[in-house]
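Colleague: So you can see what is in the structure, the chains are spelled out below.
Protein chains: 2
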Amino acid sequence: MKEKKIQRREFIRKGSFAAGAATSASLLAACGHTSQKKVELPAYMSKKFEWKCVTVWPPNFPVVGESINQLAKELETMSSGRLKIKVYGAGELVPAFEAFDAVTLGAVQMGHGVAYYWAGKIPSAVFFAAVPFGMNAQQMNAWLYYGGGWDLWRELYAKFGLEPFPCGNTGVQMGGWFNKEINSVEDLKGLKMRIPGLGGKVISKAGGSSITVAGGEIYTNLERGVIDATEWIGPYHDYLMGFHRVAKYYYYPGWHEPGPTLELFCNKKAYEELPDDLQEMVRMASYKYNMLMLSEFESKNNEYLNKIVNESEVQIKRFPEEVIHNLKSIAKEVVEEVANADPFAQKVYESYSKFKKDITAWSEISEQTVTQYL
Amino acid sequence: MKEKKIQRREFIRKGSFAAGAATSASLLAACGHTSQKKVELPAYMSKKFEWKCVTVWPPNFPVVGESINQLAKELETMSSGRLKIKVYGAGELVPAFEAFDAVTLGAVQMGHGVAYYWAGKIPSAVFFAAVPFGMNAQQMNAWLYYGGGWDLWRELYAKFGLEPFPCGNTGVQMGGWFNKEINSVEDLKGLKMRIPGLGGKVISKAGGSSITVAGGEIYTNLERGVIDATEWIGPYHDYLMGFHRVAKYYYYPGWHEPGPTLELFCNKKAYEELPDDLQEMVRMASYKYNMLMLSEFESKNNEYLNKIVNESEVQIKRFPEEVIHNLKSIAKEVVEEVANADPFAQKVYESYSKFKKDITAWSEISEQTVTQYL
Chain U
1 MKEKKIQRRE FIRKGSFAAG AATSASLLAA CGHTSQKKVE LPAYMSKKFE WKCVTVWPPN
61 FPVVGESINQ LAKELETMSS GRLKIKVYGA GELVPAFEAF DAVTLGAVQM GHGVAYYWAG
121 KIPSAVFFAA VPFGMNAQQM NAWLYYGGGW DLWRELYAKF GLEPFPCGNT GVQMGGWFNK
181 EINSVEDLKG LKMRIPGLGG KVISKAGGSS ITVAGGEIYT NLERGVIDAT EWIGPYHDYL
241 MGFHRVAKYY YYPGWHEPGP TLELFCNKKA YEELPDDLQE MVRMASYKYN MLMLSEFESK
301 NNEYLNKIVN ESEVQIKRFP EEVIHNLKSI AKEVVEEVAN ADPFAQKVYE SYSKFKKDIT
361 AWSEISEQTV TQYL
Chain C
1 MKEKKIQRRE FIRKGSFAAG AATSASLLAA CGHTSQKKVE LPAYMSKKFE WKCVTVWPPN
61 FPVVGESINQ LAKELETMSS GRLKIKVYGA GELVPAFEAF DAVTLGAVQM GHGVAYYWAG
121 KIPSAVFFAA VPFGMNAQQM NAWLYYGGGW DLWRELYAKF GLEPFPCGNT GVQMGGWFNK
181 EINSVEDLKG LKMRIPGLGG KVISKAGGSS ITVAGGEIYT NLERGVIDAT EWIGPYHDYL
241 MGFHRVAKYY YYPGWHEPGP TLELFCNKKA YEELPDDLQE MVRMASYKYN MLMLSEFESK
301 NNEYLNKIVN ESEVQIKRFP EEVIHNLKSI AKEVVEEVAN ADPFAQKVYE SYSKFKKDIT
361 AWSEISEQTV TQYL
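Going down the list, the protein sequences come from chains U and C.
Going by the UniProt record's numbering, the first sequence opens with residue 1, and the numbers climb by one from there.
Going by the UniProt record's numbering, the second sequence opens with residue 1, and the numbers climb by one from there.
It is possible that part of the hints are untrue.
Copies of the same chain are indistinguishable here, so a pair counts whether it falls within one copy or spans any two.
To be verified - Here are the computed lysine-lysine pairs in the PhoX-like style, where the Cα-Cα straight-line distance is at most 25 Å: (1) 307 with 356; (2) 332 with 121; (3) 332 with 268; (4) 84 with 47; (5) 269 with 38; (6) 332 with 354; (7) 317 with 205; (8) 48 with 73; (9) 356 with 86; (10) 357 with 121; (11) 73 with 86; (12) 269 with 86; (13) 38 with 48; (14) 47 with 269; (15) 48 with 84; (16) 356 with 300; (17) 347 with 300; (18) 38 with 73; (19) 73 with 47; (20) 307 with 357; (21) 86 with 38.
In case anyone wonders, no lab produced these hints; they're calculated from the structure.
Note that the coordinates shown come from a computational prediction; the quantities given were computed from them, not determined experimentally.
Given the sequences, and given the hints that come with them, work out the whole structure.
Modeller: Structure below.
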């Protein structure tokens, strides 16, 4: 019998240490069928929780906002309606930059955003999102889940009455849209670029200016030359903004955001009031979307990069080596300034840097080598 | 007020399109507190399911077996004991290579393994795990979740009465342990290597021999020169096997397995008998561990690579360019043979190849470029 032979041969392949050899027939006799006993449900199951989740994204923002809507639906399904969450886009209940406070104060129970939004009040928060030339998505997850990153994050947010969860990642972003060609570090001098956060600080230190522009006004400012350049996210979201119609060059890589982790955060008291089963569901859902958003970004980005190339005259360009190395050395200073902001930031920086050094060494002989040949 | 100023400034940064501006005070007044209504529980909640999960791994196998134990615990917590799963290592109930049939027959309700184990009876299954020079973990997830991969997998497994879920990934593996130096394609001739599956076929076509050795005997065979080389997984698991004590060289990259997806599979009928909430929990848990196992592998591999280097004389070596390019062109033939096995395999191959081509183009300007500078 061919099938039997295959099984015997394959049985001794990788992973098959065991020597037991019950046949399928004896197995069937031994195992019986699914047991369906009556179960006594615990009293806590009669309580229903109605939560609100504020986000820092426009309502139904592609990938990210859509995912949180979906997460809420799935929590309702898993809990048989015992945990019902209404999701709000930025400005529908509170402005984006009040989401953190709204959850801290307990006005709402949950929020979704990205930790570097809170850098103004908590410098170390950036390490739980992204720093220029920092870890990519896969490395961030390893640090957060197995390198002590999430523990530090929980310790930090506990001071604000919050419970944080890694929940989403954009993957590597693009370097941005430019109407000025960048051929050397000299070309960064005087560059007016819309680039917030630490990336903006790096550009400023390199001689450019980091200009603040509201999302809805970037297109017009770029078109009219008020700014020379802007970063946004990656090809999918950037295409929707239409930047390819008003910019000459689309630069890569996104050195300033190599894989920002997004965050779900709960009011700690509200979270702790949930029974164990609902807490587990919230945690579980955060894991799912931490990965799934990245998968969606990854799957859409090349498709939209092609649309950009096909529907416009824009040139896809790589930053020159010299420019990247210059930005990298400035980024080191900028990140170290964050680390020096307070003792906790120093502690997070040390954990982050140590882990990054180690995992980068591994990445060099694994991901970086193999992907050259795929 | 400094904080207010920061909020205003940051409010108009990325993601903040909305113009609404409720203050925290007005917000608190408007929102009230957590609602805790009594809830009527649906009748299906009084049913209890007791399942068995067989795996292709030794009991409590590091990362992988441990994760499935944990997954079972969390499903029990989330379901308040309504879904209880007992996990078995390979050989505890059925041998590794009978796991698929045991779940198909309904003798047990769930299994955990890796789809290329079933290549003997289902050629196309390899595409849902790993093929030589195939996609890495991040790319596989994008294909499975957003590129139609999982749909094809479900279509295939439905023929066997199974419902599959991506659930785990080892990340890039190592190329293997060698006692013969590989300096050119000539050195592959006559090489006796323990390397199963498609990787083994490639080595055979390159002039070597793919030798079948049970897991527990690899160490001794390598020590005694019965084989010249073996691949296993990556530094963490390889260290536990002790190969660094009996091999001279540890080669990278793991061209034969650039990121194998592991699988959870349920008996379709048993799965469909679960009420919606429990089905959602099983799905949700599969997403979590699909990512989390990869994170654990990533976090441990560099640590154990260092232990290998520090505790032995083994040399870490990269396969020469010429050798990799040779293996790659042979791998193309081998994978195309799989695609030609049957019309369904052809369909899967087309979907896989198209997606791989696209996502590799994106990866070149995102992950591959940025990681050079991290």
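Colleague: Which numbered hints does this structure break?
Modeller: 3, 9, 10
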